[in-house]
Amino acid sequence: MDNKEIIAEPTPLKPHEWVNAHADYLYAYTITRVNSEEQARDLVQETFLAALEGMHKFEGKSSERTWLTAILRNKIIDTYRKKTKGLKTLSINDTEAGETEFFWNEEGHWHQEHWPTHFGIDNIDPLVNKEFNHILQRCMQKLPALWLSVFTMKHMDDETTDTVCAELKISASNFWVIIHRAKLNLRACLQKNWM
Amino acid sequence: MIEKRMVKPLTLQENIELRLHLVTCGVCRLYIKQSHKIDLMVKQILKNTPPANIRLDDDFKKELKVRIDNELNKS
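Sequence lines, in order, name chains X and E.
With positions in the first sequence counted from 1, the corresponding number in my numbering is that position plus 501.
With positions in the second sequence counted from 1, the corresponding number in my numbering is that position plus 28.
These are computed hints drawn from the structure, not numbers from a lab.
Some hints could be false.
[As the list claims (entries may be wrong)] Dumping the calculated DSBU-like pairs for lysine-lysine here, alpha-carbon to alpha-carbon at most 35 angstroms: (1) X/643 to E/65; (2) X/576 to X/558; (3) E/102 to X/515; (4) E/71 to X/631; (5) E/102 to X/643; (6) X/643 to E/89; (7) X/643 to E/61; (8) X/631 to X/558; (9) E/93 to X/576; (10) E/65 to X/515; (11) X/631 to E/65; (12) X/586 to E/65; (13) X/693 to E/90; (14) X/576 to E/65; (15) X/583 to X/670; (16) X/583 to E/93; (17) X/562 to E/61; (18) E/61 to X/515; (19) X/558 to E/75; (20) X/631 to E/90; (21) E/61 to X/670; (22) X/631 to E/61; (23) X/576 to E/71; (24) X/643 to E/93; (25) E/89 to X/631; (26) E/71 to X/562; (27) X/558 to E/61; (28) X/562 to E/102; (29) X/631 to E/102.
Please construct the entire structure, taking both the sequences and the accompanying hints into account.
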C-alpha cells in the first residue's frame, strides 16, 4: 500500500492569511464568551501573536483554525481566572450584587412580580429560531463579567463542576451561587424580551 | 437550592425540604423546566459555529495584518 495514503500531509500554516481567513471567526467565538468588544479584540490579537511564537509547536494534526481556536480558548479561560481571582465567599443572600433583593422577599420566597411565567420557550428549537438565539446572546452579554465567565465555562465543553471550580479556583458553593444568579437574570431577561 | 441540586447532591434534609416545597410551588416547578431549557440553549450557542454576522472592523484587521507581517519579517 502506498504510504502516502496512510500518512496525511501535515497542514501547512499560512500566517500571512490568518487575518483574512480566521479573524472574524475568532472574534465571533470570543464575543459570545466575554462581554467586552475591546477585550475580545485584544484576545484575538494575542492569539495570533502567541500562535506566531508557537508555530514550531504546530504538528499539523488539526486544521489551522482548530489550532488557533485552542490557543484562543486557553486565553479566554485565563481571563476567567483573572476575574474569579480573589473571589471571597458569596452568599445567596449577598445583597452586594443587588439582584437577590430584587427577586426574593425576607422569607426567601419569590417576589410575586418576578414569578416565572410561561413565555413560550418550551417549544423553541434554537437551531431554527435565529431571532431567539439573538436575544439569548444579547441577554448573555448583559450578565456581569464574572457570572458570564463561570456560566460560559460550565457550558463551553461540558466541563464537570469540579474541573471548572479547580480551573477557576472557586469553591463549589460560590460556583452554584454564581450559576444561580446568572440563570435567574438570563431567565428574567429572556422573559422580558421574548414575550 | 434548585441550582445547587444540579451542581452537587443535596443533603437528605435539603432534599426533603426542596421536595416538600416543590409540591406547593408551581412557579418553582416551572423554573426548573425553564432552567434546564436555558442550559440546553446556551450549550447549543457555544457549540455552534459562531455567528457569521459578527465581524471585526476592517481597520483593526489591517493593523493586525501589518503586525503579523512585521513579526514574520523579524524572524
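Checked hints:
1. X/643 to E/65: Holds. Residue 643 of chain X to residue 65 of chain E sits at ~19 angstroms (cutoff 35 angstroms).
2. X/576 to X/558: Holds, at about 17 angstroms.
3. E/102 to X/515: holds (16 angstroms)
4. E/71 to X/631: holds (15 angstroms)
5. E/102 to X/643: violated (41 angstroms)
6. X/643 to E/89: Holds, at about 26 angstroms.
7. X/643 to E/61: Holds: residue 643 of chain X and residue 61 of chain E sit about 23 angstroms apart, inside 35 angstroms.
8. X/631 to X/558: violated (38 angstroms)
9. E/93 to X/576: Measuring from Cα to Cα gives roughly 20 angstroms; hence the hint holds.
10. E/65 to X/515: violated (41 angstroms)
11. X/631 to E/65: holds (16 angstroms)
12. X/586 to E/65: holds (30 angstroms)
13. X/693 to E/90: Status violated; Cα separation ~40 angstroms.
14. X/576 to E/65: This hinted pair holds, its Cα atoms lying about 29 angstroms apart.
15. X/583 to X/670: holds (10 angstroms)
16. X/583 to E/93: holds (28 angstroms)
17. X/562 to E/61: Outside the cut-off at roughly 41 angstroms; violated.
18. E/61 to X/515: Roughly 47 angstroms between the alpha carbons, so the hint for residue 61 of chain E and residue 515 of chain X is violated.
19. X/558 to E/75: holds (26 angstroms)
20. X/631 to E/90: holds (31 angstroms)
21. E/61 to X/670: holds (30 angstroms)
22. X/631 to E/61: holds (22 angstroms)
23. X/576 to E/71: holds (20 angstroms)
24. X/643 to E/93: Holds, at about 31 angstroms.
25. E/89 to X/631: holds (27 angstroms)
26. E/71 to X/562: Roughly 26 angstroms separates the two Cα atoms, so the pair holds.
27. X/558 to E/61: violated (46 angstroms)
28. X/562 to E/102: holds (27 angstroms)
29. X/631 to E/102: violated (45 angstroms)
Hint check: violations occur at hints 5, 8, 10, 13, 17, 18, 27, 29; the rest are consistent with the structure.
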